[in-house]
Amino acid sequence: MAAKDREQLLHFYEDMLRIRFFEEKVRDVLLPGKLFRGSSHLAIGQEAVAVGAIHALREDDLVVSTHRGHGHAMAKGLDPRSMFAEVMGRKTGCCRGKGGSMHLSDAGLGFVGENPVVGSNTPMAAGLALAAKLEGSDRLVAAFFGEGALNTGAFHEAANLAALWQLPVLFLCEDNLYAISVPLERSSALQDLERRAEAYGIQGQRVNGMRVMEVYEAVSRVAQETRERSVPSYLVFDTYRFEGHHTSDKQTYRTRDEALEEFRKRDPIHILEFEMIDDHTVPIPLTIEYRDRIRAEIDEAFEQALQEPWPEADEALAGAYAEGGE
Amino acid sequence: MAEKLRNITFAQAIRTALRAEMKRDERVILFGEDVGYYGGVYGATVGLQKEFGEDRVRDTPISEMAIGGVAVGAALAGYRPVAEIMYCDFLAHASDAIVNNAAKWRYMSGGQFALPIVFRSPGGGGAGYAAQHSQSLEAWFAHIPGLKVVAPSLPRDARGLLKAAIRDDNPVVFLEHKAHYTFKGEVPVEEEVIPLGVAEVKRAGNDVTVVSWSKTLTFALEAAETLAAEGIDTEVIDPRTLQPLDIEAILASIGKTRHLVVAHEAVQFGGLGGEIVAQVAERALDSLKRPPVRVAAPFVPIPYSEPMELRVIPQVADIVAGVRRSLG
Ligand SMILES: Cc1ncc(C[n+]2csc(CCOP(=O)(O)OP(=O)(O)O)c2C)c(N)n1
Numbered sequence: 000m001a002a003k004d005r006e007q008l009l010h011f012y013e014d015m016l017r018i019r020f021f022e023e024k025v026r027d028v029l030l031p032g033k034l035f036r037g038s039s040h041l042a043i044g045q046e047a048v049a050v051g052a053i054h055a056l057r058e059d060d061l062v063v064s065t066h067r068g069h070g071h072a073m074a075k076g077l078d079p080r081s082m083f084a085e086v087m088g089r090k091t092g093c094c095r096g097k098g099g100s101m102h103l104s105d106a107g108l109g110f111v112g113e114n115p116v117v118g119s120n121t122p123m124a125a126g127l128a129l130a131a132k133l134e135g136s137d138r139l140v141a142a143f144f145g146e147g148a149l150n151t152g153a154f155h156e157a158a159n160l161a162a163l164w165q166l167p168v169l170f171l172c173e174d175n176l177y178a179i180s181v182p183l184e185r186s187s188a189l190q191d192l193e194r195r196a197e198a199y200g201i202q203g204q205r206v207n208g209m210r211v212m213e214v215y216e217a218v219s220r221v222a223q224e225t226r227e228r229s230v231p232s233y234l235v236f237d238t239y240r241f242e243g244h245h246t247s248d249k250q251t252y253r254t255r256d257e258a259l260e261e262f263r264k265r266d267p268i269h270i271l272e273f274e275m276i277d278d279h280t281v282p283i284p285l286t287i288e289y290r291d292r293i294r295a296e297i298d299e300a301f302e303q304a305l306q307e308p309w310p311e312a313d314e315a316l317a318g319a320y321a322e323g324g325e
Numbered sequence: 000m001a002e003k004l005r006n007i008t009f010a011q012a013i014r015t016a017l018r019a020e021m022k023r024d025e026r027v028i029l030f031g032e033d034v035g036y037y038g039g040v041y042g043a044t045v046g047l048q049k050e051f052g053e054d055r056v057r058d059t060p061i062s063e064m065a066i067g068g069v070a071v072g073a074a075l076a077g078y079r080p081v082a083e084i085m086y087c088d089f090l091a092h093a094s095d096a097i098v099n100n101a102a103k104w105r106y107m108s109g110g111q112f113a114l115p116i117v118f119r120s121p122g123g124g125g126a127g128y129a130a131q132h133s134q135s136l137e138a139w140f141a142h143i144p145g146l147k148v149v150a151p152s153l154p155r156d157a158r159g160l161l162k163a164a165i166r167d168d169n170p171v172v173f174l175e176h177k178a179h180y181t182f183k184g185e186v187p188v189e190e191e192v193i194p195l196g197v198a199e200v201k202r203a204g205n206d207v208t209v210v211s212w213s214k215t216l217t218f219a220l221e222a223a224e225t226l227a228a229e230g231i232d233t234e235v236i237d238p239r240t241l242q243p244l245d246i247e248a249i250l251a252s253i254g255k256t257r258h259l260v261v262a263h264e265a266v267q268f269g270g271l272g273g274e275i276v277a278q279v280a281e282r283a284l285d286s287l288k289r290p291p292v293r294v295a296a297p298f299v300p301i302p303y304s305e306p307m308e309l310r311v312i313p314q315v316a317d318i319v320a321g322v323r324r325s326l327g
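Heads up: the sequence lines are chains L and F, in that order.
First residue of the first sequence: 0, per numbering that gives the first Met the number 0; consecutive thereafter.
First residue of the second sequence: 0, per numbering that gives the first Met the number 0; consecutive thereafter.
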């Protein structure tokens with residue numbers, strides 16, 4: 000393997016570990032310690048999609064995400080400290096404690112934000128892409144969403160409009176098989192999800208979402224086309240969430256064995272490690288070194304965020320409106 | 000003879016009412032996201048699909064517009080659908096069906112059709128769900144002619160009012176509080192139907208009237224205890240139904256106490272506190288000794304972080320302070 004490819008693979012590996020360890024910290028420390036409020040929607044198992052897709056974008060491309068967006072945020076460059084601070088409600092969080100886990104955003108990094116209203120981010124993506132087109136920029140907009148969002152009117156209106164107006168939108172569907180408790184076969188008349196935008200002239204493709212390199216290559220390919228021709232593209236990633244839908248999910252809709260078995264066979268981080276080790280790209284001790292280093296980095300970000308100040312109660316009263324205008 | 004009582008949660012109260020009405024009338028059907036196999040994200044429909052089958056209790060895709068519209072269609076054809084919208088914030092999606100169709104079809108058709116629908120939906124904050132999953136939107140729907148709006152506070156009310164809502168021939172927006180599903184209260188063993196549009200005095204008192212509903216009502220009752228220790232005797236009235244509003248019960252109370260406080264979780268501007276105060280002013284300004292007081296949320300979305308959320312959502316201490324203000 001060329002040195003450049005090796006470097007890139009290690010870069011993906013590092014970013015996937017960072018997301019995984021962040022979310023494990025949320026799961027194992029923040030939630031039991033009541034340092035986290037409301038719902039946490041972990042994307043453990045879906046890291047390869049976030050990392051592979053976002054690395055295939057340009058830095059000035061924009062990303063809109065969902066309730067399950069810690070990974071998208073981090074892959075787009077949000078730093079773990081400001082994310083920890085935000086989900087712990089601190090003043091120094093990326094949204095000053097106003098948003099929390101479901102509303103992470105960073106305008107400067109082109110992370111327009113998580114939108115937990117299922118489907119709602121897809122027309123927003125079309126609007127962001129319209130702006131790029133009007134400006135004559137070749138920047139594009141990536142919208143992540145779960146397969147559940149394909150059943151919203153918002154998605155279909157957005158897909159039609161994006162095709163009609165030739166807007167540079169990447170529709171990126173993460174098919175993790177369940178929308179809370181409802182499995183795909185009970186929510187979609189058509190099981191071939193990649194065909195669900197066909198009526199708008201958008202040919203979808205299915206991609207193995209557990210192999211970061213495949214994700215990267217697929218998104219690179221469609222991004223180039225979207226950028227050059229200013230047309231929407233649509234990919235469906237096969238993936239799986241190993242955790243419950245959210246904190247209090249009883250998971251009665253699947254067996255414990257199913258999730259464990261999926262984890263054993265399809266954990267995207269293990270898959271990547273095995274591949275790197277198998278073809279001698281990376282020696283085992285190096286993976287251990289990476290794991291230790293990233294874990295320490297996450298631990299430190301958490302400890303730092305933990306020391307950060309709470310907002311004053313009255314800060315709640317500011318910020319609903321912009322000051323001034325033209 | 001004392002009533003025989005049992006203690007159940009708010010979620011159990013909802014479930015009991017749904018079950019009883021489904022047994023009573025096979026035209027009652029249920030659908031919404033995760034309500035079937037899973038039993039609802041708050042457990043309010045647990046076991047109903049098993050008992051009544053997949054025809055009558057259906058999981059839907061994430062398609063609020065269709066949930067609302069299908070409810071309208073089924074009702075027009077003679078069924079009595081109970082549609083669940085998982086968060087009241089997403090009633091926004093279903094609002095075309097609720098506001099433009101359900102609320103108006105009877106009127107526009109010159110009375111040819113009935114629309115016996117219940118749109119159940121949890122609202123409210125306090126649990127760190129932030130701006131898009133915490134709103135209290137009763138005023139949106141109470142503003143629409145053709146709709147009824149119910150916002151129960153205690154399990155007994157939830158059970159009795161839901162039964163009445165299902166039997167009503169009009170569309171009813173039935174707002175539950177998401178932080179209240181595990182709240183326990185006593186209900187009579189014998190099931191009852193509580194008529195829509197009738198308020199209840201939840202605590203009798205002589206010095207001041209506090210009108211409140213949904214979860215905030217339980218804060219008002221706590222506030223009344225605090226105030227009692229200071230010698231202030233608070234009457235707490237729960238309208239239970241917000242459209243139609245039992246203004247007579249409120250006026251009767253003010254005739255006695257001569258002081259009015261309205262406390263609710265929704266934002267103050269354009270909230271129903273303003274409507275209540277206005278109706279009292281029109282009809283009984285003279286019986287008020289002091290200006291009425293509204294205790295409600297400031298004009299901002301709900302923030303995530305705890306200190307800020309507590310600042311925005313009215314708490315027991317805010318109601319206590321409001322009562323003191325109303326007494327001068
Ligand atoms: C419009 C809307 N309806 C309902 C919900 C409640 N809800 C939150 S996540 C979710 C399931 C989403 O499934 P999917 O889109 O497949 O994403 P996943 O959770 O699997 O990542 C639902 C129904 C919501 N947030 N927004």
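Derived from the structure by calculation, the hints contain no laboratory data.
Check before you lean on any hint, since a few could be wrong.
Straight-line alpha carbon distances no greater than 25 Å define the calculated DSS-like cross-link-like pairs of lysine-lysine that follow [claimed, not checked]: (1) L:249 to F:183; (2) F:183 to L:33; (3) F:49 to L:249; (4) L:90 to L:24.
How the hints compare with the structure:
no. : hint           : in the structure
1   : L:249 to F:183 : 21 Å, holds
2   : F:183 to L:33  : 23 Å, holds
3   : F:49 to L:249  : 18 Å, holds
4   : L:90 to L:24   : 20 Å, holds
Taken one by one, the earlier hints all hold for this structure without exception.
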